[in-house]
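Participant: Full structure from sequences and hints, please.
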Amino acid sequence: MAYFLLRRTIGFVLTLLTVSVVVFAVMNVLPGDPALTILGLEASDDAINALRVKLGLNEPVFTRYINWVLNALNGDFGESHSFGVPVSGLILERISMTVSLAVFGMLLTIVIALSLGVGAAANHRKFGDWGVMFFSQLGIAVPAFWLSILLVILFAVKLRWLPPGGFPGWGDPLLAIKSLILPTIALALVQSAVLARVTRSSALEVMRLDYIRTAKASGFSRKRILWRHVLPNALVPIVTIVGMQFAAVVTGTIVIENVFYLPGLGRLIFQSIANRDLPTVQALVMMFAVIVVTANFIVDLLYSVIDPRLRERN
Amino acid sequence: MKKLPTNLLIGGILVFVVLITAALSLIRTPHDHALMNISEKFHQPNNIYLLGTDQLGRDILSQLMAASRNSMAVALIAVLLGGSIGTLLGLLASTIGGWIEELVMRFADIGFAFPALLFAIMLAAVFGPSLTNAILAIAFINIPIFARIARASANQIWNLDFVTASKAAGMGRVTITFSHILPNILAPIIVQATIEFAVAILAEAALSYLGLGAQPPAPSWGRMLSEAQTLLYLAPQLAIYPGLCIVIAVLGFGLLGDGLRDITDPRLSRIRQ
Numbered sequence: 001m002a003y004f005l006l007r008r009t010i011g012f013v014l015t016l017l018t019v020s021v022v023v024f025a026v027m028n029v030l031p032g033d034p035a036l037t038i039l040g041l042e043a044s045d046d047a048i049n050a051l052r053v054k055l056g057l058n059e060p061v062f063t064r065y066i067n068w069v070l071n072a073l074n075g076d077f078g079e080s081h082s083f084g085v086p087v088s089g090l091i092l093e094r095i096s097m098t099v100s101l102a103v104f105g106m107l108l109t110i111v112i113a114l115s116l117g118v119g120a121a122a123n124h125r126k127f128g129d130w131g132v133m134f135f136s137q138l139g140i141a142v143p144a145f146w147l148s149i150l151l152v153i154l155f156a157v158k159l160r161w162l163p164p165g166g167f168p169g170w171g172d173p174l175l176a177i178k179s180l181i182l183p184t185i186a187l188a189l190v191q192s193a194v195l196a197r198v199t200r201s202s203a204l205e206v207m208r209l210d211y212i213r214t215a216k217a218s219g220f221s222r223k224r225i226l227w228r229h230v231l232p233n234a235l236v237p238i239v240t241i242v243g244m245q246f247a248a249v250v251t252g253t254i255v256i257e258n259v260f261y262l263p264g265l266g267r268l269i270f271q272s273i274a275n276r277d278l279p280t281v282q283a284l285v286m287m288f289a290v291i292v293v294t295a296n297f298i299v300d301l302l303y304s305v306i307d308p309r310l311r312e313r314n
Numbered sequence: 001m002k003k004l005p006t007n008l009l010i011g012g013i014l015v016f017v018v019l020i021t022a023a024l025s026l027i028r029t030p031h032d033h034a035l036m037n038i039s040e041k042f043h044q045p046n047n048i049y050l051l052g053t054d055q056l057g058r059d060i061l062s063q064l065m066a067a068s069r070n071s072m073a074v075a076l077i078a079v080l081l082g083g084s085i086g087t088l089l090g091l092l093a094s095t096i097g098g099w100i101e102e103l104v105m106r107f108a109d110i111g112f113a114f115p116a117l118l119f120a121i122m123l124a125a126v127f128g129p130s131l132t133n134a135i136l137a138i139a140f141i142n143i144p145i146f147a148r149i150a151r152a153s154a155n156q157i158w159n160l161d162f163v164t165a166s167k168a169a170g171m172g173r174v175t176i177t178f179s180h181i182l183p184n185i186l187a188p189i190i191v192q193a194t195i196e197f198a199v200a201i202l203a204e205a206a207l208s209y210l211g212l213g214a215q216p217p218a219p220s221w222g223r224m225l226s227e228a229q230t231l232l233y234l235a236p237q238l239a240i241y242p243g244l245c246i247v248i249a250v251l252g253f254g255l256l257g258d259g260l261r262d263i264t265d266p267r268l269s270r271i272r273q
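These protein sequence lines map, in sequence, to chains C and L.
So in the working numbering, spot 18 of the first sequence is number 18, and the numbers just go up one at a time.
So in the working numbering, spot 20 of the second sequence is number 20, and the numbers just go up one at a time.
There are no misleading hints in this set.
Rough simulated footprint, nothing fancy, chain L against chain C, three-plus residues with beta-carbon under 8 Å: (1) 18 to 25; (2) 127 to 140; (3) 145 to 154; (4) 244 to 256; (5) 262 to 276; (6) 286 to 299.
These aren't lab readings, by the way, just hints derived from the structure by calculation.
For each residue, glycine too, the CB sits at the ideal point set by N, CA and C.
Facilitator: Spelled out as structure tokens, the structure:
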């Protein structure tokens, strides 16, 4: 187990390092002068030189990379060019928005997907099963941003139950939650389509096994068999997809925040692109990539907790 | 004759409709898709404008048709580019083996850390948003996917008897790769390409919606939706048609890919049932 953990952790750190090199390379080494990108073609040479000094662009690339990584590890992502404040401050102000959206979205995804998936498996080849399969096929093809727009048309424009977008802050918790309902549903419905399908096929596999037949013969209730005997043993593929989907949900928040004008990190990225604020974009892209890599790493570790056999194989 | 799988049939029909529409738009659209005519704005569907007009008096149907052609072109270029680079890398890994194989596969792992959106964001920040950057970003995420599939399928073929026979007959590894391995891994590659085509259509729509893809006046389903979103209280119908087009195209290629996989790999279809 210790060897397994060590191997995976070293792999994880190496992946993070390489990802940071890729992000740094794309943002800094590709042809083009970041100072020129930020200030625009009409900027004076003096202004460009001053910014080059400020951004440390006159140092060798390698030094700049090391500095960026070391500072980032200390929570210093440099200064935002357009806001004139430290990037870390901008992130701290907005991260609660993005995290709540991602966490609510993921929870709702799991609840919807597990109920639908197990329900479909229990009604295999019956009407409910076809309904779930149809939902999941459709869910994969519907873009989250279009679903969001449809939800806004229905619940904000026609029925006027919920706000069409924006976020009033947590000062008024009821209003805050109301404005998060549509974004969370939009995020979760699309993701749960994939997960429901995986849950269904994984549950079906388990339901064929002998011990389930034994459990049925022993007279356990259907509900108990499904949730206590089938689901726990169907979890390995489900956890894989949940891990992959956590990454998708986190990047999905970038899109959803822009659809609903929510002041989170996803909005910040797009404001920074529009403002040519490269240090902020670089920090945020790196952050999202770190979340994706970490999610994959955790899934890897979870496997061995859920299914100890996988540990032996490595 | 064996009955065709339902998903293949439905997918095939949808894909056929989308491709015909895209091809037709090359020859003729009912109106000029970019022609603005403010006095004709917000028409409901009628005999002249079959699906009505938008806020600038442009014909919706013509815009949707022109956008379908762009969407297909973007998906085709991105999947061809990313797919061929990925397949070649996978073949390279499988042919040479050893540390080269390890290196290629570790790089593929890292590629998975970047969703297309993040890559497009980086490119847009450095070079400004454009359709070319969107295509590059979508192509990029396809590289690791195809590298993995090509390598895994190729490694299976390398273990077959007829390849061993070719080796015994003195054929070089590179010759074997192109004359025996590549033709035999084409089926899974094509299946994957069909599925990734659907993913690419979805990605292009999302990137264009966010302003990182097609720039005005280039017609795009995603961009039409972002324009329609500002008019939801005034003309909600404008936000319906482009979304439906995306769903039809994505569903079509997705089902077609699933169907092709069921045919080429019967083991999977049994499990999936």
